[in-house]
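> Residues per chain, in single letters:
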Amino acid sequence: MQKAIYQSVFNNKVLFTFILLILLLAPLFLSDFRLNLLGKFLAFAILAIGLDLLWGYTGVLSLGHGIFFGLGAYCMAMYLKLEATGGKLPDFMTWSGMQELPLIWLPFQYPIVAIILGILLPAAIAFLLGYLTFRNRINGVYFTILSQALVLVVVTLFIGQQNITGGTSGVTNFETFFGFHVNSSSTQTVIYLITVVVLASVFLGCRKLVKGRLGNVLVGVRDGENRMRFLGYNPSNYKTFVYTLSGGLAGLAGMLFVLQVGIISPTMIGIIPSIEMVLWVALGGRGTLIGPVIGAVFVNAAKTGFSESYPEYWTYFLGALFVIVVVFLPKGLMGLVEMIQERRRKVDVKQSGIKESNIKESSSVEVEKNYS
Amino acid sequence: MTQIILTLFNGLSLGSILLLIALGLAITFGLMNVINMAHGELIMIGAYVTYVMQNLFLNYAPQQYFDLYFILSIPIALLIAAGVGMILEFSLIRFLYRRPLDSLLATWGVGLMLQQLARSIFGAPNVGVQSPSFLNGGLEVGTLLFPYSRLFIIGLSIVCLVSIYYYFYRTSSGRRVRAVMQNRQMAECLGVSTRKVDLITFAIGSGFAGVAGCALTLLGAIGPTIGTNYIIDAFMVVVVGGVGALFGAVAGALGIGFFNTVFEYVTNASLGKVLIFLLIIAFLQWRPSGLVTSRSRSLD
Amino acid sequence: MLKSKKITVDFSGFKAINELDFEVNRNTVHFVIGPNGAGKTTLLDVICGNARVSTGKITFNDKHDLTKMSENEIVDQGISRKFQAPSVFHHLTVYENLEIAMKQKKNLFSIIKANNNQEDERKLEDMLELIGLTEEKDNLAGSLAHGQKQWLEIAMVLMQEPDLVLLDEPIAGMSKSERKKTGELITKVAKERAVLIVEHDMDFVKDYADVVTVMHEGQLLFEGSMEDVQKDSRVREVYLGRKVD
Amino acid sequence: MRKKTHYFLLLIVGLVFSMLVACSAADNAANATDPEEDETETETEETTETEETSSEDEDTIKVGILHSLSGTMAISETSVRDSELLAIKEINENGGVLGKQLEPIIEDGASDWPTFAEKAKKLLQQDEVATIFGGWTSASRKAMLPVVEENNGLLWYPVQYEGMEASPNIFYTGAAPNQQIVPAVSWLLENRGTKFFLLGSDYVFPRTANAAIKAQLEAEGGELLAEEYTPLGHTDYNTIIAKIKSEQPEVIFNTLNGDSNVAFFKQLSDAGITSDDITVLSVSVAEEEIKGIGADVIEGHLTSWNYYQTTDTPENEEFVANYKAEYGDDAVTADPIEAGYFGVYLWAKAVEAAGTTDVDAVKEAAKGIEFDAPGGPVKIDGDNQHVYKTVRIGEVRSDGQIDELWNSGEPLKPDPYLEGYDWASELSEALSQ
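Chains as they are written, first to last, in this note's numbering: chain U, 1 to 372; chain P, 1 to 300; chain Z, 1 to 245; chain G, 1 to 433.
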């Protein structure tokens, strides 16, 4: 029943087209600075969709998506850096006493290779990690904690390998992208439009996936992993698949992020950003695809707004948001919309005299049951 | 030879610190299945309690009794952290039983707010706590020196471990707690107030975080982010040890402490961290649910 | 078609099943009864892969050793199970529940491509008809009444078109008329396949059993028709003084 | 059920509302005129009032202040912001710059480098500030560098750093390596011993600094026993101390950062090692950090800076008094605080000299500008936009203050690429390619 509601409101083609149109026309009425911010948020939204596939649909909570985001971002950054230095060693390598380009930087001289690796590399690492943990039926909570520890380890490693990764400073100071000046207004507009198009395609692609039988199977894995085994499914394959997919999407988001922000550093892939990513999804509404997009844009807009006006209180606000959303609004903003929809329905139903018990029961079950 | 003894001692010492911070978690996470990410901030509360006690003694107590502040801080930190834990349980956690992942996110939010609160009260910079004079120096055995503060922490973690064991396995109130955690409905039928037990158990877990915070003032910085430095290590201990097993937590803490020290000694601190993580992943391939597990027949 | 040879299941020292030899034949409704703790549910667990034997072997159709397979591989062999507590997927509709249960290739890539053909549609509609949930097919399974959930789950088991159906207390919590309907369903189902049921309700067993196995302390105590069971002295002894619920 | 829903709704409406307020406040701050957000609450109007004046306003000059006010770096950076605000206040009280009042626009870098880039962009593009004072970590500076170069802005960076950089759009008021590390090493070799143990946090500054130190030790007859790095935020130094004990160095050159210093010094003292046994010289521990470490465990160890709160100049006496008057008696001053403070004055003098806030004119005018800073006279070096500064080596006292043991006598010329040192030639050659 709830599905039907979603379909009527949020998967409405008109609404989708409308939003897409606004986003595509945004360059006309936003200043360069604001457009750049919006583009960054939309890049985050791509990651949020991937994270939601994993958490909202499959029930696996990863607190380590910063890593995949970072890997994608670093891939792109390495290419940009090499193009900026014109084939010479990046400055941080010379200080660290490197004589020539390290082997792992070599493929990134070619933009196409960099872009492909930016998706494949995070996906491959997600696959490996997912395979090792899910295969052994490591409990969901364990996985979450492990994913967080992984962040710690990767960040430590990235900071430690200063000669290769640029350490805490990360990689920055880029000049051109495919020969275009990367910071110029027109290039930025084009990159923004690319981001919008990529986001729309990712959204549609994922929607096709979850609306199909796969979506139902994933929900099955989320709500009753063992039960799915006795229906003949191998849940770890599905989990690994979704984890890999969402790792790839995070990498994609990371690449678009670097193009627009012009820097990637280990702080962006650390524990706090990784948890914030989860908040985007939680606030927007897990288990819906539009929710994370809204959540990502909303939280980041709020963050920018808040920290411009009241930097000291942003932390309080962020913390409170977490508590409120998780405790009182487990389905996020989308759940709220749904609730309003349902109330309206209830009234309709009463009027037409059909017995109400079904709906009531379904909503109470909704509240009790949850995604953990 | 001395090198080996020293490494063993350092491993034991690190292990005892890990155990101390993980004990509370072993209770809240292990027994109650609540992932309390604010555990680190409860540690922080314990540390700040020590700082406040020190200042009180500096200002109001005669000089010769100054060292007493630390001894007094331990029970007070326990009580205050337990009190905060109670408030937390009452206002938040009780809505989140059976939703472990949600409890993780919500308590992370609480942790953030507590950190910012500490920043507002005590300021962002670290505060200094002077170690009591009786913990200065160390025990000399031949050419080796075992710092008293380290020995004290080892002792403290043993005391905590024993008292937790005694409470859960030797008192009727502790038995009630275990009964509730094992079979909630059944315990309820037998007239145990599960709400009360939840509250008390969570408070105990939180209280021991406070004690850990108190002990950490001997070793490191006391600031708003003290908890975040330790929280992940603490969770690793519980994951490796196996949920719901005190013995597992002990083994996990000592194991991680020992290997970490060895790895760090042989390579360096950064690489040591990476190696420990890989070791844990490898270990979980072998024992997916930790060292000590209980088998159950239920389907999820 | 299903044979177990000297299987033992050990729960940290406690032998839930002890060197059990057991056999299920085609086209029979086979009940397993016994006092609590006799190892009935464990037997089902072992067959479907939810518990592992410490010794012994279970063969299916005389060739596959089930004890070496994972749960989903066992399902692929044609064995499916209904659990004691109804465990349908509350967040999916009735129709979707049946759809994911349906016999189909259940590997990742087939599922991504999956699309119902007319044959599938027909099967789904028929099944809905059979369990009387056609009207509720687009409702979330979570909104169903308890009995309806039980049927839905039985339907999910049947959608897999298994050769052997394992049912664990299928009529628990059902009203009298619902029980009757369930019994008839079972009889109908057993025409094409074997059904192995763990049940406490003796009247139900009496009405629908072809073969009854009595288990006691992890071992086979007696096997035969219901009348034989009722006459057997050892069975009485085991049940004596105990409530048969 | 119904009641509950109401409750939820209320909560959410409140939430959304507060968000809207926050967002619109942000837009106000950015001078955006969105008709939809005209009915913002008066409260937000008030808080953003100071920032609302448009850039065409004749009476004020906008300057940006961009430090981390939240996150891990807030510990250090908030006090630099404070001192910069103090300088701005003093300048304004004395009539401002070019007869105009300075109007600070404060942004939070949130200890996150991309945020520094974003906020720098905002300050330059949206607020059109005349200059930015900001940054602490090298990473934050590196993040802002492309932004200020791209927009031809100005950045005054107040912290000692590893060198190897000279952006045409950045003025570096902290010490270059030759104004802190190099003289410290020479002094240690002369006065404390030749066996060095290098200990640092695992990131850019310590690694680069130690690369230079190693070259210098080799050239000046020192002996490198070991080089150890610990991850940022590392808390257990038992193993490191065990290594120190077995290596038996005479000097530990400490480039640890932040909290790690507290753990290191406490545990070093627990292990029975005092300043009499081994000298530890730190380059990231100033008066503020000593408060958190506890003077009892660090007493007698050394630091190397360009300024201490105890530095004996008339300007410093006044500075410390003003700073305490503004921020409380407990506040302590330290090197980066002083560098942030005189950075504002240097900029103001350059603007006065140029007669305009135009970046290129200010840069030209800034060459050779001098100022009597609390830490002694400073002068901008026209070649690399660093600052001539006096080097001071100090010893920590039991009250947490630092006594000066030695100073360079006169301000040293900054040499970010260490070109004036033969032993560093390889390093600088690689860079000048």
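Misleading hints may appear alongside valid ones.
Which chain Z residues stay away from chain U? Per the calculated CB distances, all over 12 Å, these [stated by the list, open to error]:
{"#": "1", "residue": "Ile79"}
{"#": "2", "residue": "His90"}
{"#": "3", "residue": "Lys106"}
{"#": "4", "residue": "Lys113"}
{"#": "5", "residue": "Gly142"}
{"#": "6", "residue": "His200"}
{"#": "7", "residue": "Asp232"}
Simulated pairs of lysine-lysine, BS3-like, Cα-Cα distance not exceeding 25 Å [claimed, not checked]:
{"#": "8", "chain 1": "U", "residue 1": "Lys211", "chain 2": "Z", "residue 2": "Lys103"}
{"#": "9", "chain 1": "Z", "residue 1": "Lys176", "chain 2": "Z", "residue 2": "Lys188"}
{"#": "10", "chain 1": "Z", "residue 1": "Lys176", "chain 2": "U", "residue 2": "Lys208"}
Think of the hints as simulated: they come from the structure by calculation, not from any bench.
All values derive from a computational prediction rather than experimental measurement.
We treat Cβ as the ideally placed atom computed from N, Cα and C, and that holds for glycine.
> A separate judgement is required for each hint: does it hold in the structure or not?
Results for each hint:
1. Ile79: violated (9 Å)
2. His90: About 6 Å separates histidine 90 of chain Z from the closest Cβ of chain U, which leaves it inside 12 Å; violated.
3. Lys106: violated (5 Å)
4. Lys113: violated (8 Å)
5. Gly142: Given a closest Cβ separation of 4 Å, the condition is violated.
6. His200: Histidine 200 of chain Z is indeed farther than 12 Å from all Cβ atoms of chain U, at 22 Å.
7. Asp232: holds (33 Å)
8. U:Lys211 x Z:Lys103: holds (20 Å)
9. Z:Lys176 x Z:Lys188: Cα-Cα ~19 Å, so holds.
10. Z:Lys176 x U:Lys208: Violated, because 45 Å separates the two Cα atoms, which is more than 25 Å.
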